[in-house]
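Student: For the record, the sequence lines run as chains F and C. Sequential numbering from 1 applies to the first sequence in this note's numbering. Sequential numbering from 1 applies to the second sequence in this note's numbering.
Keep in mind that the hints were calculated from the coordinates and are not lab data. Some clues are possibly wrong.
To be verified - Cβ pair distances, simulated, as ranges:
hint	chain 1	residue 1	chain 2	residue 2	range
1	C	66	F	884	35 to 41 Å
2	C	177	F	189	54 to 60 Å
3	C	47	F	909	34 to 40 Å
4	F	189	C	379	26 to 32 Å
5	F	205	C	259	32 to 38 Å
6	F	192	C	47	51 to 57 Å
7	C	259	F	698	55 to 61 Å
What the hints assert, rightly or not - Taking lysine-lysine pairs in the DSBU-like style, the calculated list, with each CA pair at most 30 Å apart, reads:
hint	chain 1	residue 1	chain 2	residue 2
8	F	411	C	65
9	F	888	C	65
10	F	438	C	65
11	F	973	C	65
12	F	438	C	56
13	C	179	F	914
To be verified - A few chain F positions that, by computed beta-carbon distances, are all more than 12 Å from chain C:
hint	residue
14	42
15	69
16	111
17	304
18	389
19	420
20	615
21	625
22	673
23	674
24	752
25	850
26	893
27	944
28	974
29	993
Every residue, glycine too, gets a C-beta built ideally from N, C-alpha and C.
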Amino acid sequence: MDFIHLNIHSHYSRGWGIGSISDICAAAVDLGMKKIALTDINGLYGIPPFVQAAKEAGLEPIVGSEILSGRQRAVLLVKDRQGYINLCHIISARHCNHDFDLVHTLESNLNGLIIISDDFRLLSALKKDLKKENLFVEMSPGYSMASCHAFSRKTGIPVVATNRVFLIKKEQFRLHCILRAISLNTKLSRLTRDDTCGGHNFLNSPQTMTDKFPHATEAISNTLKIAESCLLDWDFEGIIFPRFENLDDETALDRLYKETIEGCRQRYGKITPVIRDRIEHEMQIIRQKNFAHYFLVVADITKNARRSCGRGSAAASIVSYALGITHVDPVKHNLFFERFLNPGRMDPPDIDIDFAWDERDQVIDYAFQRYGNSRTAMVANHNCFAARSAIRETAKVFGLTDMEIGRVTDKIGFGWQLKDIWQELSKHPRMRGVEFHKPWDEILRTAVQLEGYFNHLSTHCGGLVIVPDNIRRYCPVEISTKGLQVLQWEKDSVEKAGLVKIDILGNRSLSVIRDALDMVEKNYGIRIDYAGLNPINDHKTIEIFYQGNTFGVFYFESPATRQVLTKVASGFTFKEYLKADHFHLNVTVTSIIRPASNRNIQTWISRLHGQPWNPPHPLLAPVLEETLGVMVFQEQLSRAAIYLAGFDPAEADTLRKIASKKHKHKKLRDFYARFMKGAGDRGVSMNVIKEVWHMMMGFDGYSFCKPHSASYTMVAYKSAYLRSHYPAEFMASVISNGGGYYSTFGYISESRRMGLKILQPDINQSEIRYTGKNKEIRIGLMQLLNLSRGSKEAIVYERAKNGPFISLEDFLNRTGSCTHLEDVRILIKAGCFDEIAGGNTRSGLLWQAIGFFHDHEKNKRKAYCLFKLYPEHNRLHSSALYRKDYPKRLMIRHEFETLGFPVSVHPVDLYRNKLDHLNYVRARDLYAWVGKQVTTIGWQVTGKTVHTRDGKHMKFISFEDQTDIYETVLFPKEYCKFCHMLDLMRLYILTGIIEENYGALTMTVKRIGFLDSVKYAYRSF
Amino acid sequence: MNRHIIHIHIPAFSIALARVLQPGLRNRPIAVAQPLSERALILSVSQEARRDGIFKGMPLCRAVKLNPRLTVLPPNYGLIQKACQALDKIAASYTPIWEPFRPGHIYLDITGTERLWGKAKDTAYRLREEIRNKLCLAGTVGLAGNKMVSSIASRITPTASALLDVGHGGEASFIAPLKVNVLPGIGPFRQRLLLEELNIARIRELAELDMNSLKMIFGKRAHLIHQRATGIDPTPVYPPLDSPLVTEEITLSQDENDDRILLKTLYTLVEKCSGRLRDMGLFPGKAGLAIKYSDETEVKQQIKLSKLSYWDFDLYEPLNLIFLKAFTRRVRLRFMRIWFEEFSRANVQLSLFTPPTGHTDKRATLMGALDQIREHYGEGMIRYGRTVPNYCRKG
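Chain F extracted, bound-state conformation (with noise of 0.2 Å):
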C-alpha cells in the first residue's frame, strides 16, 4: 500500500459526487485500500454512517471536509477531538456567516486540522501559523499539477497526490453531469468543463495513482504520512444529555424527585404505597442512568403550551405522568415502564410529545429562548432523490415538459422504490395509456441511480436537541429557510453520534379539541378544561366508539379502524359493552391496525366474541392474556423474550428494535441461539419455542407500544367527548384545522348524515375558519379557494372594528381598498352577499362590483379627491337582464369553482337524469343484500393502495352516495384492470358481491363502470 485516497466526494456533496457510502466503502475494499477518507463539500452529512459503513467493512475511516466558499477552497482532514470540534465551527462559520472569509476562519481554528490546498493565497498566508506537517499543497493531475509543483519547490510546503474523487467507477461520468446538469439548472449540451469534474476524477487503483508521479513521489508517501497523523478511532457512543439551569446532577435529581411527588398529589390525591414503590423505582433508573436533567428539560417546555400529549414510550413511566408530560396513568392502565428507561439500555431514549400543530412554532421558540441558539439545534432531514422526484430532475434536463413528465410522476405511488420497479414501470398497469417514447429509457436508467442521493437539507418537524455545552462542537450547523438553526444530520445519525433529541411534533386533533373548546364556550359559556377532560365513563362518548360513527375522531377515523370498531361491538349489547374495558379494547385497536399486527385482526375479533384459546406455553399467559393470545404492542415481544427464555430487559429492547427493521437475518442469527438456550433451559419444547420465534418475527414492520396507543386513545376519547355532545363544533373544527384522514367535502358530508346543517359562506356571519353552533355548520372564508389572503382578514378585520355590513354597496365602500374585483367576484358566486343583496340577484350584484371598481380605477388615475366618489354605479341597471338569476347548473358550477364541492346539491344529484334508467341499491340498503351481487353507485371519499403479500397491489375505498358511505375492496385483479382510471371527480357505477364480518360490510368489487367526469355533469345538470 503506498497512496491513500484523501478527497473523496460521495452523494452528500450535493450536486457533485456520485456513490453512496456504502458503495464508497466497499469499492475501497475491492481494490485493497486499509484506509479511506470522506470530505464532502462543506459539510459532515455522512460522517456518522461512513465511521460505521468503514468499520463494518474493516477500513479506517479519515474525517474531512471540502471548504469552498467563492474562489477559496481547502480540504480539510481531522487529526484529533480538537480539530474534529475545529472543523464544526469552520463549516458552521461557512454556512451561517454572510462575510465567511476561509483564510480568516481557519486562522483561528487550526488545531488539530491538516490542511490540503492548490490556492496559493490561502496557502501562503497560512504558512507562518502552521507547522509544516499540517499543511500541503495539493497535486491532482487536470488540475494545474506543474504550478503546484512549482508553488511547492518554491515556498516549501509539502505537496500531496489525491485524486479529487467524485465518482466510483468511470463510467459514472455521464451520470455525474446529468448530477450537475440538474443542480445547475441547465442542460448537457450547455455543460461547460469547469461545471462538472474530469473524467479521470474516480476511486482508481493506488498503483494508477502512484504511476502518475513518478517526478514527485513525495506527493505519494505524503498520503500514507498525512493518513497515519489522522484521527482513526472514532467513537461516537457517548450520550450527550442536555442540561437543565446549569444545575449539578444531584441537584437536578432532587428537584425532579421533589416535582414528581408533588406532581402525584396533585393527579392521585394521595400517593399510596403501590405509586411510591413505583415512583422510587424509576426514580432508581432515572438516577442511574443520569436522566433528570431530561426530564426536567422536557417539563419546561411542556409546561409552556397549553395542551400536549406525550407520545411514545415516554408514557409508561409515572414520572413524565406527574410532571404534566403525558396524561395516562401508567398504574391504572398497567404500563411497562422498562419499555421506556432499563439499566442496560445503550442507546439515547427519546421522549417525544405532541402540541397542537399550529402552537409548535412557539414552543420551538421557546425552546431557542430558554437555552440559547448556541446550546440548542434542529434536526435535520436528508431529502433525497425518490421516485418522483429522481424522475423528474432528469427528465427536465432532457427537456420533457411539466406535462409529459407528470404523466408519468402522477402515476407512481407513495413509497415506490425505482431500483424495484423500473424495468416494469412502462408495463405497470397504472401507466397504462402512457407513453414511453425515446428519452425516456436513458431517464429512467439515469432515475433509478440517482435515486436515494442527497438532495437537499431540510428542518426535520420537530427534532430538537439541547447540549450542555455548545450545539458546533458536535456537528455542523446551518441556518433553515425559516431562520431555525439546523445540524448536518438527520435523526438516525444524530442518534448515532449519542445527542438526545426531544420531539416536539405537532398535532392537528389538539388544535381540534382546543377550537371546539373554545367554541363550546363562546357560544354557551361553558368553560371545559383540557386537562381535566376525563370522559371515559360518558355514555354517549362510549356510543361513538360502539357504533363505529368515529368521523373526525382521532386515530380512529379511518374506515379500516371504523369497521373494527364494529367488529368488536357486534354481538355486545351497548350494556354489555359498558361493563367491557372499552377503554382497552380500544387501546388495543390503535395498535392492532398497524402493519405489524394487522393480519391478526380476525383471530382477535374472533377470541373476543368467544372462541377459545390458549397460549403457546404457559410462561407467556401473562404477556398475552391482555391481547387475546395476539401479539399487538411492540413491548409484548421483548416481554415475551424475558418471559420465556430469560431475557434481560435491555438485550430484550434490542431484540425488539432488531426484529422491527429490514435486513435483519444475519443480526438476528445470535438472538435465536440464544432465545432457543433460553427457553430451553426452562423447559420449553422445541416446537413451542419456534412456534413462538416464528410468532415473534411475524410481528415486523411499524407498531406501537402500549403506552403510546394508550396515551393516543385518551385524546380520542376527548375528541369523541366533543363529537357526541358537540357536533356542530367538533365538526367546525376539525374541517378548519384541515390534515384529517377525508377531505373537506368528506367531512361535510359526514356531518349532513350527523343531521347537521351546512350553511353557504355569508359576509356577515363567515368567520375565516368554520364556525358550528347548535347543529349548524357555516362555511368559513377559508374554503373560498382563490380568494386572496388580505381580503379575508380585511373582511373580518372590518367587520369587528365598524360591525356587520348591510350591503354590497357598504362593503365595496368599506373593504374596496383591500379588495380586488377577482376576490368580490368570488365572495358574490359562493352566495357571500345573498343575505344582504336586498333583492338583487348574483348577477345583478357582479355589475355592481364591476362598476364600483371601473370608477375606483379611474379616479385613482385622476386624482384624489377630497369627498366619496361613488355616485354613478350606484344607480341599478333596471334591464331585466341583471333581474334574472342565474340558472341552477351554473350556480351548482359556481360552488365547485369557488368552494371546491356543491354544496346545495350532492354531487351524486348531478347525474340524476343518467341515474334514472339505472337500476341500484343504495347504500343505507346494502344489509338487506348481504351475499349477493349488487350494482351500487358511488362517489369516491378517500382510498388506501396497500401490497398484499406477493407484493401485488390493491385498493380499499371507501364510496357514498346520497344515503350513506360504505366500504369496497378492489383486489389485485380488479385492481390491475382499473387503477388506471380511477380518478376522484366522478360518480362510478360499482358492481360486486356484499359481505359481511362481524357486522362490518365491505363490498368485493368485480366491475367498475363510469358516468361522466363532473366537468362535463352539470353541463346536463
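Position chain C relative to chain F; hints supplied.
Tutor: This is chain C only, laid out in the frame that chain F set:
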C-alpha cells in the same frame, strides 16, 4: 353605396384537396399530421373523424387510439399553395379587391359590380359554382355588408356548400340570437366568463348594453365590441401583399434540446435561405428567429445585420447568437423558423481597391461552386459535415 362582401370558406381545406386527387378518401375519417413523428399534432380533421372526438391540435397517437381506422395524410404544402393560387385566380376574375385570408378562406369585395355581374347573391352563387366546377371544391359562402358578418354567415350555414345571404341592414338582427363567443375579440377566458357571470349569453344582450356598462367589461375596447355586437365592421378587404420575406421553417421529427443537434438544423435552414437570397440577389438587413418549445410556448428574437451579405457564413453567426439568446429553457424544441427581411439590392459596383484579404472571396467562390453542383445534381448531393445529423467533429 351598400357594401357586398363575400366570404368563401372551404372546410378542412387540405383534406378537401386530397379528396379531389383521391376520390377514394371521400366519406372516410381523415386527419392531416406530420409524418415520421411519434407525437405529431393533428393539423386538420375531416367531418367524419370529428364525430369520433378527434379534433385539431390533438396528438396523433391519441387520435389513432380513438379511431384505429383513421387515415393519416402528410401535409402537402405544395398542393395547398397551388390550390390557393387557383382560388386566387378565380377570385381575381370577379373583383380586384379580394383578400386571401388563410388557405381555404377568401374575402371578396364585390361592391359596385352589379352592372357587370348582376345581383350580389347571384355573383356569390356563380363564384361557388365556378369553384366547384373548376376545382371540384365545395365551400360554404357567406354574403353580407361586411367581413365579420359574412364570415359568421359562412361558418354557421347548416350544410356544406350552402350559401347564406344576410340582407343589407339585416346584419344586427342576424347575429343577435347567436352566442357571444361567435364575435371576434371575445376570448375564451376572462371575458367569456365575465359575460356568463353577468348573465349575457347572446349577442343581442351584449348589443343592448349601454356604453358605460360595456366600458366596465371591455375597457378601451368597448366601442369596438359594441360595433361588432350591432353587426358593424368597417374593416376593408385587404388586397394581397407581396411578402418581402425569405423564410424557412422546420418541425423537428423528434423534440430535441441538445444545442449541437439544433445548431446543425439551424445551419441547414440558413443555408436554404441564403441560397434563395443569392438567387434573388438580395442582401437582408434584418434576421429573425422563432422557436417553439414542446409545450407550445413560442419565443421570437430579431437582430439587425451589420454586414450586407447573402453568404451562409455571414448570415449564420448572427442567427447562432440570437438562437442562444432565445433558447434559454431546458425544455425541448419542437419547431424552428428563421426569416430575413428589409432587403437591399446586391451592390454590383466593384471596389476600386483590392480587398484586404482574399478570405471572403475564397469562401464565396467555394459557395458558388457548391451552388452549381446542387443545381446540377440536386439539393442534397453535397453538404457541409456540420449539417450531417450524426456527425461530430473530433475533440
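Student: If a hint holds in the structure, say so; if it doesn't, say that too.
Tutor: Now for the hints, and whether the structure bears them out:
no. : hint                      : in the structure
1   : C:66 x F:884: 35 to 41 Å  : 39 Å, holds
2   : C:177 x F:189: 54 to 60 Å : 57 Å, holds
3   : C:47 x F:909: 34 to 40 Å  : 36 Å, holds
4   : F:189 x C:379: 26 to 32 Å : 28 Å, holds
5   : F:205 x C:259: 32 to 38 Å : 37 Å, holds
6   : F:192 x C:47: 51 to 57 Å  : 54 Å, holds
7   : C:259 x F:698: 55 to 61 Å : 57 Å, holds
8   : F:411 x C:65              : 21 Å, holds
9   : F:888 x C:65              : 36 Å, violated
10  : F:438 x C:65              : 20 Å, holds
11  : F:973 x C:65              : 24 Å, holds
12  : F:438 x C:56              : 25 Å, holds
13  : C:179 x F:914             : 27 Å, holds
14  : 42                        : 26 Å, holds
15  : 69                        : 28 Å, holds
16  : 111                       : 46 Å, holds
17  : 304                       : 48 Å, holds
18  : 389                       : 16 Å, holds
19  : 420                       : 28 Å, holds
20  : 615                       : 60 Å, holds
21  : 625                       : 62 Å, holds
22  : 673                       : 57 Å, holds
23  : 674                       : 57 Å, holds
24  : 752                       : 28 Å, holds
25  : 850                       : 5 Å, violated
26  : 893                       : 9 Å, violated
27  : 944                       : 31 Å, holds
28  : 974                       : 23 Å, holds
29  : 993                       : 33 Å, holds
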